[in-house]
Amino acid sequence: MFGLKPQLSIAQTVEGTASPEAATASPVPTSSASPVTFAWRTDGGANKLGRPSSVVTDSQGNVYVVDGNHDRIQKFDANGNSLALWGSSGNGDGQFMFRAGASHPDGMTIDTHDVLYVVDYSGRVQKFDTNGKFLGLWGAVHSIDNPKILNVSSMAIDHRGNLYIADSDNTEPPKARLQEFDSAGHLLTTWDANFMPSWQDDFLSVAVDGQDDLYVAGGQSNHIWKLDSTGKLLTTWGNTGSNNGQFHGAQGIAIDKQANVYVGDNQGNRIEKFDSDGRFLGQWGSQGSGDGQFDYVFKLAVDKDGNVYVTSDGGYDRLQKFIPIT
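By the count of the numbering used here, the sequence shown reaches residue 326 at its end, each step adding exactly one.
Certain hints may be false.
[Unchecked claim] With a Cα cut of at most 25 Å, we get these calculated SDA-like pairs of lysine to any residue:
hint, residue 1, residue 2
1, K257, W237
2, K304, D114
3, K232, S289
4, K148, N131
5, K148, N79
6, K48, S289
7, K304, K148
8, K48, L83
9, K48, Q60
10, K232, D256
11, K304, G61
12, K127, L150
13, K127, T189
14, K232, S183
15, K257, D228
16, K226, I110
17, K48, D58
18, K127, G139
These aren't lab readings, by the way, just hints derived from the structure by calculation.
These numbers were taken from a predicted model, which means no experiment stands behind them.
Build the full structure now, drawing on both the sequences and the hints.
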């Protein structure tokens, strides 16, 4: 059985200055249906982001980003100022292997006590406080109960502290699945590609709302599935295309306090907003390097105030913040 390990790694504190790309709030130059305004963007400043991926926020409004090409986590405040970074390449405590697979597998989430959980290609789930202090791990390729965690693409947590990890089970052809673990790494449930006939994606994004309902975005099928905590299918929406409610790569999903659902359209370079039943509420974004534009939307997060954070990892590796219009 795997238990918590002693502290071995400490975050490197970074001088808190905004990156040169940070900008003041202004309207996003996109559709009139946009539900947000642009706040700022950052490429990490002196600590350049390289293929930024999973993003989460804590109870104080700080933002944490997986910096995939550098095998580390970067921390920013709500204004885009760099606060800290930690991690390096390797399989030791506080180290990461985000680049070990061609797809840069990773997942990150945060619980109600501001404990960060990070999973990488190795299948290890590591725990940190908000300063990067190593708190423990489980997994090491297999969990306590021995199911593999392979090619992880997303992770979320419910109010009980149970973790949902989306990964590929490496069958031929690849088929995605969800595994549910408790916070100590014990396997609780597995839902694989046989759960529903259309679930054949090899990339899934998962998020959990305040009622512990799950929302799963299928990157290839361009479907969104809403499930209850037992895995019962509640509703589904989405398909391939460029119209409202359609996607070219549904990749990245986040839920706000009102259970509104934000989905990243990876190749469409936009974010779409829905209510919890899948009714379209608005969208923003386009391809480009300007404010509110994207080059391959990757992952999303929504903070306690409804602000939306988006990573993109194409030609412009950066994090952007958007403020909801009320």
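We went through each hint and held it up to the structure:
This hinted pair checks out: K257 and W237 have alpha carbons roughly 21 Å apart, not beyond 25 Å. About 13 Å separates the Cα atoms of K304 and D114, which keeps this hinted pair within 25 Å; it holds. A hinted pair counts as satisfied when its Cα atoms are at most 25 Å apart, and K232 with S289 does not qualify at roughly 41 Å. Using a Cα cut-off of 25 Å, the hinted pair K148 and N131 is violated, with the two alpha carbons roughly 29 Å apart.
Between the alpha carbons of K148 and N79 the distance comes to roughly 39 Å, so the proposed pair goes past 25 Å and is violated. Annotation: proposed proximity of K48 to S289 holds, straight-line Cα distance about 16 Å (limit 25 Å). Under the criterion of a C-alpha separation no larger than 25 Å, the hint pairing K304 with K148 is inconsistent with the structure, at around 33 Å. Taking the CA atoms of K48 and L83, the gap is near 14 Å; set against the 25 Å cutoff, the hint holds.
A C-alpha spacing of about 24 Å is found between K48 and Q60, which places the hinted pair at or below 25 Å, so the restraint holds. Only pairs whose Cα atoms come within 25 Å are accepted, and K232 paired with D256 is accepted, the gap being roughly 22 Å. Distance hint between K304 and G61 is fulfilled; the C-alpha atoms sit about 7 Å from each other, no more than 25 Å. With a C-alpha separation of about 18 Å, the suggested pairing of K127 with L150 holds against the 25 Å cut-off.
Between K127 and T189 the alpha-carbon distance is near 21 Å, which keeps this suggested pair within the 25 Å criterion. For the hint pairing K232 with S183, the CA-to-CA distance comes to about 22 Å; that is within 25 Å, so the pair holds. For the given pair, K257 sits about 17 Å from D228 by alpha-carbon distance, which is consistent with the 25 Å threshold. A distance of roughly 21 Å separates the Cα atoms of K226 and I110; the hinted pair therefore holds under the 25 Å criterion.
With a C-alpha separation of about 22 Å, the suggested pair K48 and D58 falls inside the 25 Å cut-off, and the hint holds. This hinted pair checks out: K127 and G139 have alpha carbons roughly 11 Å apart, not beyond 25 Å.
The structure fails hints 3, 4, 5, 7 (numbered hints given earlier, in ascending order).
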